[in-house]
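Peer 1: Work out the full structure, taking the sequences as your base and the hints as a guide.
So the protein lines, in turn, are chains A and B. With the numbering used here applied, the first sequence corresponds to residues 270 to 452, in that order. With the numbering used here applied, the second sequence corresponds to residues 520 to 656, in that order.
Keep in mind the hints are simulated off the structure, nothing from the lab. Computed from a predicted structure; not experimentally measured. Glycine included, every Cβ here is placed at the ideal spot set by N, Cα and C. Be careful, since some hints might not be right.
Stated by the list, open to error - Only some residues are given here: those of chain A computed to face chain B with a beta carbon under 10 Å:
#	residue
1	Thr-363
2	Gln-365
3	Leu-369
4	Phe-439
5	Phe-452
Unchecked claim - Once the Cα atoms are required to be at most 35 Å apart in a straight line, the calculated DSBU-like pairs of lysine-lysine come out as:
#	chain 1	residue 1	chain 2	residue 2
6	B	Lys-592	B	Lys-611
7	B	Lys-637	B	Lys-592
8	A	Lys-442	B	Lys-561
9	B	Lys-647	A	Lys-427
10	A	Lys-372	A	Lys-442
11	B	Lys-643	A	Lys-426
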Amino acid sequence: MPKETKKGAKEAKTPRFYPADDLPPAKVKMVNNPCKLRASITPGTILILLSGRFRGKRVVFLKQLDSGLLLVTGPYSCNGVPIKRVNQAYVIATSQKVELPKKLPAIDDAYFAREAEEKAEDDEGVFSAEKAGGSGPSEKRKADQEALDKAMMASIKKVEMLEAYLQAKFSLKNGDKPHEMVF
Amino acid sequence: ATPGLAKMPYTRFVEVGRVVLINYGPDAGKIAVIVNVVDANKCQIDSPATGVARQLISFKRIALTDLMVEVEKGAHSKTVEAAMTAGDVVSKWEKTSWAKKLAAKKRKASLNDFERFKVMVARKQKAKMVADKLASM
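Peer 2: This is how it looks when you write it as structure tokens:
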């Protein structure tokens with residue numbers, strides 16, 4: 270049958286396709302929730318990071334952010350891990366817990382957003398050597414880190430060998446069977 | 520135990536009253552007493568004291584120990600329990616180095632990450648003490 274392409278006649282005709290059932294359109298029920306936190310991870314748990322720059326380091330879990338990522342800190346003065354976000358999938362939770370200070374700094378995902386850089390006025394600025402290298406952490410981050418470290422080291426020092434434990438890195442040795450190890 | 524076999528190289532025999540360690544199955548790790556022998560492959564064991572039900576078990580699943588209990592063939596569970604407490608079998612078993620080694624192995628497997636770290640530090644300290652002493656000799 271020849272295809273009817275006259276635009277004027279489109280409204281008067283029945284459409285070529287219509288749904289079989291007279292149902293209302295399905296409601297979209299997608300909800301964006303943060304990833305479910307493993308039961309073994311509670312505030313104050315010591316975690317082992319498995320990937321990234323700090324792989325093998327033992328860090329303290331602070332809280333889960335709205336994005337689902339875990340907020341952790343070394344503490345920085347202990348093992349050099351700053352306040353950072355970490356994915357739950359790349360972490361082993363140990364059964365060791367640390368008492369967290371009652372008041373944690375108010376940190377959310379926006380804290381870690383990239384700072385908008387000043388745009389160079391002219392093209393020459395792009396190639397200048399002055400901009401080479403990172404500018405380092407902001408003063409706010411340093412201040413937050415110091416305050417948190419001070420509060421946390423007090424409770425870490427109460428437990429014998431805990432500071433040394435956090436400073437040490439985790440690694441698998443010969444004969445270790447991770448599927449049989451209790452963490 | 521059995522007379523006339525003093526010159527045998529074997530000292531642990533399958534006999535009524537022999538205390539055995541169960542190596543495999545749901546009761547693995549527990550001790551029990553042989554109450555009866557069925558044939559060359561199976562025997563009947565019982566141990567109310569350690570929570571082992573009266574059952575037939577293959578010899579392949581058990582290991583003989585040096586301990587013995589005074590029971591007669593086919594003794595009922597109550598008699599076996601009384602004999603085990605009279606002979607103080609459970610505590611005697613716990614004192615043997617075999618049982619202590621099993622317990623140590625179990626403890627090592629259940630160490631958590633922090634405990635493993637502390638063990639590592641302790642081993643290093645001990646090794647240092649030994650090395651220092653050796654160097655000074």
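Peer 1: Now tell me, hint by hint, if it's right for this structure.
Peer 2: We went through each hint and held it up to the structure:
no., hint, verdict
1, Thr-363, "4 Å, holds"
2, Gln-365, "4 Å, holds"
3, Leu-369, "17 Å, violated"
4, Phe-439, "7 Å, holds"
5, Phe-452, "5 Å, holds"
6, B:Lys-592 with B:Lys-611, "23 Å, holds"
7, B:Lys-637 with B:Lys-592, "50 Å, violated"
8, A:Lys-442 with B:Lys-561, "42 Å, violated"
9, B:Lys-647 with A:Lys-427, "26 Å, holds"
10, A:Lys-372 with A:Lys-442, "38 Å, violated"
11, B:Lys-643 with A:Lys-426, "22 Å, holds"
Taken one by one, the earlier hints fail for this structure at numbers 3, 7, 8 and 10, listed in ascending order.
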